[in-house]
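There are 2 protein chains.
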Amino acid sequence: MKSHIHIPPLNGIRITDPLFGHYADMVAEKLIPYQWEILNDRVPGTEKSYCVANFRIAAGELDDVRQGAIFCDTDAYKWLETLAYCLEAGKAQEYEAVADEFIELIGRAQQPDGYLNTYFSVVCPDKKWTNLSEGHELYGAGHLIEAAAAYYKATGKDALLNIARRFADLICTVFGDGEGQHRGYPGHQEIELALVKLGRITGERRYIEKARYFLDIRGGEPNYILEEIKGRNGELIFPEFKNYDPKYSQSHMPPALQTTAEGHAVRAMYMYSAMADAAKEYNDSAMKAACRTLWKNITEKRMYITGGIGSSGHLERFTADYDLPNDRMYCESCASVGLMMFGQRMAELTGEAHYYDAVERALCNTVLAGIDAEGDRYFYVNPLEVWPDNCLSNTSMEHVKPVRQPWFACACCPPNIARTLASVGQYIYAQDEKSVYINQFISSVIDTRIQSAGVKLSIESDLLGGKVDISILSDRAQPFTLRVRIPEYFRTPQFVLEGRSISPVIENGYAVLAVSRAGEQHLRITGTVQPAWIAANTHVRADAGKVALQYGPYVYCLEQTDNGSELPNIFVRSEADIRIDAPTSELPGQLPALKFDGKRISSGVENALYGSPSFQASDVHLTAVPYGLWCNREPGEMLVWLHSLMSL
Amino acid sequence: MKSHIHIPPLNGIRITDPLFGHYADMVAEKLIPYQWEILNDRVPGTEKSYCVANFRIAAGELDDVRQGAIFCDTDAYKWLETLAYCLEAGKAQEYEAVADEFIELIGRAQQPDGYLNTYFSVVCPDKKWTNLSEGHELYGAGHLIEAAAAYYKATGKDALLNIARRFADLICTVFGDGEGQHRGYPGHQEIELALVKLGRITGERRYIEKARYFLDIRGGEPNYILEEIKGRNGELIFPEFKNYDPKYSQSHMPPALQTTAEGHAVRAMYMYSAMADAAKEYNDSAMKAACRTLWKNITEKRMYITGGIGSSGHLERFTADYDLPNDRMYCESCASVGLMMFGQRMAELTGEAHYYDAVERALCNTVLAGIDAEGDRYFYVNPLEVWPDNCLSNTSMEHVKPVRQPWFACACCPPNIARTLASVGQYIYAQDEKSVYINQFISSVIDTRIQSAGVKLSIESDLLGGKVDISILSDRAQPFTLRVRIPEYFRTPQFVLEGRSISPVIENGYAVLAVSRAGEQHLRITGTVQPAWIAANTHVRADAGKVALQYGPYVYCLEQTDNGSELPNIFVRSEADIRIDAPTSELPGQLPALKFDGKRISSGVENALYGSPSFQASDVHLTAVPYGLWCNREPGEMLVWLHSLMSL
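Residue numbers (the numbering used here), protein chains in the order written: chain A, 22 to 669; chain B, 22 to 669.
Check each hint, because a few of them may be wrong.
Since the list gives no way to pick one copy over another, a pair counts as held whenever it fits inside one copy or between any two copies.
List time: in silico SDA-like cross-link candidates among lysine to any residue, alpha-carbon distance up to 25 Å [said to hold, decoys possible]: (1) 178 - 57; (2) 422 - 260; (3) 251 - 414; (4) 477 - 194; (5) 268 - 423; (6) 317 - 302; (7) 309 - 616; (8) 317 - 635; (9) 178 - 117; (10) 317 - 472; (11) 112 - 642; (12) 263 - 419; (13) 263 - 627; (14) 69 - 237; (15) 317 - 627; (16) 422 - 266; (17) 69 - 26; (18) 69 - 487.
No wet-lab data here; the hints were simulated from the structure.
The shape of chain A in the complex, shown without the other chains (with noise of 0.2 Å):
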């Protein structure tokens, strides 16, 4: 019999970790309050969200003109996504009325047929589904899905997913190949997804029909979005989709005929991620070999060593195999968060251990990086080469900012964060039938049941210096398998399981223990973990030459205020020895600093702008801290990629 790999309730588990702890105790104390002031446009000097004020328009409870990006609803919803996750770990509880007298106004703001999405039913009511490129009303609702589905999973409340239901159900109705019905798909996916995790809370298989048909009629000829637009004379809400490009949506060639990751990162990804649904949902190998194909083209030529995806700063899209320039590029936040669901997806559909990897990369990295310590501030773009003065002052380098902000006039990224630090219980464990996955080394607890047993596992995770206690414990005789992933970075794993040393097979990169017996039993995993230089493939021309700093799962970089300006005159020997040294004390985590020593080179040209070279080195003692955390103290120049003085 085939698995079924599922995630396990949220309730269940509880983030022990000193790093993944604290961000998931800051969003529910601090972020999810800072954020509902954020929506309500309590919060002065940031950019004002209009969100709630628009749902308020919409219910006719409020007389004003509805502002904010055409898909802000989405902050909403994706705030109370993550207030979800947070009531289901038993956290935030004093904002569960304020969601629910919300999620009112909400109900209120939707329309007697279903429709709900305040630009188009306050700003162009006769307009609703004429713009699908750029209208976001499918994108919309896909959100609204997966917050109803977590509100209720979280609460058992079903006010919010009755909403979200009726909309789904006018959705299910407006599209389709039928008579009278659109046969059109969204120039943002997200309700693909979305409709898949509706079909599957609900029970109702034509919830996940309708997403199949999404991924269906997309990249038909004629291409829909081109159509769309050509049927409107080129007139558009976003100026910069002149001369659109069907890649820039994914809708070149139909998803299942896709073999490179183009256009808008975030979009792929959550194309992706319904695409790994419909492949588990359909049993289709077609789709599963897309997605693999997809998969393997994102993370052997197009993924930053953090895990950032998407190297063009204009149109946030992905370019060529190896272009990844290391100042410009975007690496949208939720572009990440995008990667960390698809990989966790093709994990599921496959069992293989491996998607995790660059889950964990994008987690640890570009994830972490995007939100500041307290949980007030976010990155949108996440370079890995800062120099603000040229960012600040460079119109090609806007999009890069050299702090974290407060808000953003399109702010899908500080949400997007939120809910998956909310909920990364469900990147650490999985299960199916007669197995409990272990994916990541973050120390937690995790409270199940398989079969008729209860199952606990604790994990007490020293991962950086190779060693993670498992305690498991079963309230039964009943034999399970507990599957652990063994990542890369953790070498000659050793295994001690009640003190006697075991040797479990490797199947599709999980260490394999079978468990048969009641009670507690205590499994030692020790391996070699250690902070290493890493060069990129030598296609990767930004990198040429270079060596980045990685411990474990964590990329590290070089911030000015510990190191000095002009970093990248900071040269370093590939065999340097890298000295592990305490936490610095600001940072969240308990995550230790790394030391080496480098050169700081001179050119000897200091008078004219160009001269005669007399390249002269003066010896450095350096700091490098987790990339994820940068910028959580004096702001300044920030380097990942260093140059490697080659012994040659």
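Start from chain A and add chain B according to the hints.
Just chain B, lined up with the frame of chain A:
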């Protein structure tokens, strides 16, 4: 008495240099016909110009929609200016009748009050002078005047000059501080330097005074351009001007107070040129000091080794000191033309030779790179590193074209390069009351008068061989001074006059030779000119640890056709021998190729995207060609700055 340096007429100058002679002939023989066909929309498969058609529409002789860039009249004006220089040099005479007929058309397109602009007079005659920030009316007038002055000097015909004067007179009436006058200034400078030219050629000071007026009111508070945009309720022709930054048009403060080169690089250069003109006309030491400061900021902190300027790909503008990224910048061909104009005027103003260093750098590298050897393909943007795959796929890099284009929707560059190459003599020679200045060692002949003496100079330059022969022929025994700029790269110069070694004084960078006898004398200047590795100032982060190859004024580059792809993996020792090789036969000018040995580095990471470094090097034999001539063969990658293998 203060000397008044001026540029001698081109009709006395003949270019015999194999490189610049090629371009001067090519412009007359091929480019003039090609661009005329383009301006008449008779070249299939290219961007349409609409330029001549627009004049016909404005003249009421064609009933059609006015199309093309708002400022595309200037493409014709620059074509006429280019033709004038060709005619002045005795070339392209078969186009004089074509030009005369076209000038008549321009005259018919002029309105009774002298107004002349096909966009406003056809499309929105009620909006004249209401949108100086975007409308380019004064910019267009400036190019009309420059063309008219050149055409008058070349042919003695005043038809175009009269058209230009009528428009200039209207401008003098419309703009000013008087009752009913408009206190505005152009969003794109050009009228100022043109009015100075017009004042000089007509002897009417009021034109120069109006140029001064436009400079004087610029940058005052409240900002005219911001007020104008506000007055239109923010309505814009160019959406990119949303959130207009007055620095963009150098209107953030009065010109004489500006100390750093800011904003759109072409606007800046045209304004600084006018500032240098004004400093000379008014003997204004504050303006002169501002010009010196701005020049210093550009050439010491904001200029590429190729003489390219404008390091932001978006808005074509300056950014911050030492921010000189090599692949994504603008380096517009027009901006380097403007740098030549500014430098030439600074040398006129100060009598100092060093201003020609950057003029020569811009001419021999970026300006030449902007055009192919045949004159029918052009670069607008001139990067120092090109990887075609990423330019084509990366929406952030869309401004960078990996091959020259047959025309542009915004086609300022092709005719701007053309007029510069057709008038290159004006960058070689200058004169004052008692001197002739030789500013470039470009083989050529000049026939001129100094006071009552007829003087003929003939330069035979083997510049890269370090040998320049100058024959000096004076028709009478009247003393004059020959001032010869000795470029920085021309080391240990030796002077031999009529077989006798002499040691001329060096004054303001010029070797000064008193000539007093009639008849011919022969001066030989020899020096050491060697290809050399060059480094950038330590503050230039983009060039950290890199070297470029320069030979005399020519920057060299690697092209894929000679050296394979993935050029950034090439490393070279900055002590590597450089071998002077035969010229590449497909390239004009007989400049030698340069050969050297280097290493092609691989990171050792081949089957994954990231991994443990194991840098390996293989020996490679490399061929560099002049940057100004790149992309005249098989298209592909190109690279100027090479990683250096430092021996430290």
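Verification of the supplied hints:
1. 178 - 57: within (20 Å within a copy, 74 Å between copies)
2. 422 - 260: both (23 Å within a copy, 22 Å between copies)
3. 251 - 414: between (37 Å within a copy, 24 Å between copies)
4. 477 - 194: So residue 477 and residue 194 fail the 25 Å test inside a copy (44 Å) and across (89 Å) alike.
5. 268 - 423: Between copies only: 21 Å across chains, 30 Å inside a chain, cut-off 25 Å.
6. 317 - 302: Classified as within: same-chain Cα gap 22 Å, cross-chain 67 Å, threshold 25 Å.
7. 309 - 616: neither (44 Å within a copy, 51 Å between copies)
8. 317 - 635: between (44 Å within a copy, 23 Å between copies)
9. 178 - 117: within (11 Å within a copy, 85 Å between copies)
10. 317 - 472: neither (35 Å within a copy, 78 Å between copies)
11. 112 - 642: neither (43 Å within a copy, 66 Å between copies)
12. 263 - 419: Both, since 21 Å and 14 Å are each at most 25 Å.
13. 263 - 627: Intra 46 Å, inter 39 Å, cutoff 25 Å: neither.
14. 69 - 237: Close neither inside one copy (38 Å) nor across copies (40 Å); limit 25 Å.
15. 317 - 627: between (46 Å within a copy, 15 Å between copies)
16. 422 - 266: between (27 Å within a copy, 18 Å between copies)
17. 69 - 26: neither (41 Å within a copy, 59 Å between copies)
18. 69 - 487: neither (46 Å within a copy, 66 Å between copies)
Of the numbered hints stated above, those contradicted by the structure are hints 4, 7, 10, 11, 13, 14, 17 and 18, listed in ascending order.
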